[in-house]
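S.K.: Per mature numbering (1 follows the signal peptide of the UniProt record, and there is no 0): the sequence shown = residues -32 to -1, 1 to 474.
Heads up, a few of these hints could be off.
[To be verified] Only pairs whose alpha carbons sit at most 16 Å apart, straight line, appear in this in silico EDC-like list of lysine to aspartate or glutamate: (1) K248 <-> D269; (2) K102 <-> E7; (3) K184 <-> E266; (4) K322 <-> E396; (5) K395 <-> D269; (6) K395 <-> D166; (7) K186 <-> E335; (8) K102 <-> E8; (9) K186 <-> D166; (10) K322 <-> D290; (11) K191 <-> D166; (12) K248 <-> E266; (13) K11 <-> E142; (14) K322 <-> E349; (15) K248 <-> D175; (16) K334 <-> D374; (17) K173 <-> E242.
The hints are simulated quantities; they were obtained by calculation from the structure and are not laboratory data.
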Amino acid sequence: MERSFNSVTRPISAQLLFLLITSFLKWPCTEAAAASAAEELLKGFEATPNPSIPFFQPLLNDSSSKFSFGFLRVNSTQLALAVLHVPSSEPLWLANPTTLSRWSDRTKVFFNGSLVISDPRTRMFWSTETQGDKLVLLNNSNLQIQRGFDNSNNVNVPTVLWQSFDFPTNTLVETQNFTSTMTLLSSNGLYSMRLGNDFIGLYAKFDSGSDQIYWKHKALQAKAQIIEGNGPIHVQVDPDGWLGMYQNGTTPVDIESFNSFQRSLDGLLMVRLEPDGNLKAYYWSGSSWVLDYVAIRETCDLPSPCGSYGLCTPGSGCSCLDNSTELSSGECSSSGPYSNDMCSDPKTQKNDIKVLRRGGVEVPFKEWMRYETTPSLEECENACGNNCSCYGAVYNNASGFCYILDYPIQTLLGTGDDSKVGYFKIKEGANKKKINSGLGVGVGLLGGAVLCLIGAVGFGSYKIWRNKKRVNRMLEEETGGVMSGPYKDLGSASFRSIEMCSSGHR
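Given the sequences, and given the hints that come with them, work out the whole structure.
M.R.: Structure follows, in structure tokens:
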């Protein structure tokens, strides 16, 4: 059965910030509220969230009023410090995306030379740890803490002690430098962008303790060369519609062009690492964000488009590696718990590892995958089977390449080539736990019903005996004889007892 693509985004600790705020991004009061905010904050500034504000409480504007810094309400009860693009209400930067404060009058933001947010109840505390004079928001959305003026070289400019451009979250905007010391992180925490010596890399964190690269763009070095020892590279989003890679100077060592390349655009241009692991560029048309660039064009080339133990077949969509399981909510039910030990327990001799074999599969982004050369499928399987940190392997009979999967199994690629065979380990503990838990609940309910029935029968029997004795005594008193045959109206008492017991356990 053909299935639609479904990109899976597992949350870390809770659903991270941008996923939680999506439903709040279109409040018409944003622009009106931002208009009343200050254009600089000085020492002594202090603010608390207003309980009557549903979405965004501005504290600071840039000179054009296109950007605003303030309290962003998250999931009704929490807040984050954020910089917003005011026309679209789109967050571009967050102060501390992994830890949220409460939307409460006890949560306080103040500027005392450092920008500080404090929530005493949750003990959340974040600070820039600076000694500045003022906080300003530039008209490119860069939030800065400045001190005095630098009069060296006859240039009268303030000294920048801290700026949000040095700490990006999941978004880069035009003119913002992204250096080798920075990381762009998707809103769900699963994917990141980092720079190498001569390339841009996208990495996935698959709960294995190490990151797996799944996309790499290497500098072409057509106009300028990367010289070893001359410093690291950096990238910048150019307003003319391209992502430039630089080492030194203004001549790029690489250009990754967008659809709007060398076109005149009035709106903001930004690059974002999305929750599915794709890198995309957008520009603001004046009424909406227009897609301008996509790094990974094919859905099956994404790091995990069909979830754990999924199979992505180009043109057909998602299915499960195990044909006996169904794809549900983007996950295949055969997937067990993640574990760093994919071997049987030597103490209990308990084998809780199930092996799944599947032909016609291939590893994604195989050019970046680790592999060994083995003479046979059996030796490839043994290489993984004897390795407790190996989750699976894919063998190519034609090349002899044995690709080792040292991270929890994600989505594999479906091919029509049965010479490419997959060997996958599944730890069955979670499924057994669910079965045992359900069985325990069932046994408990059954036991309760049996006890209830026994009590009802006992109570009914007691009433039968008592009524029979009473009737016999009455007959003996009136006739002096002994009644023969059953008492006809005794059944209703026992059924009423069962009914009462049942109603008490519904």
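S.K.: When the structure is checked against the list of hints, which entries are broken? Sort them ascending.
M.R.: 5, 6, 13 and 15
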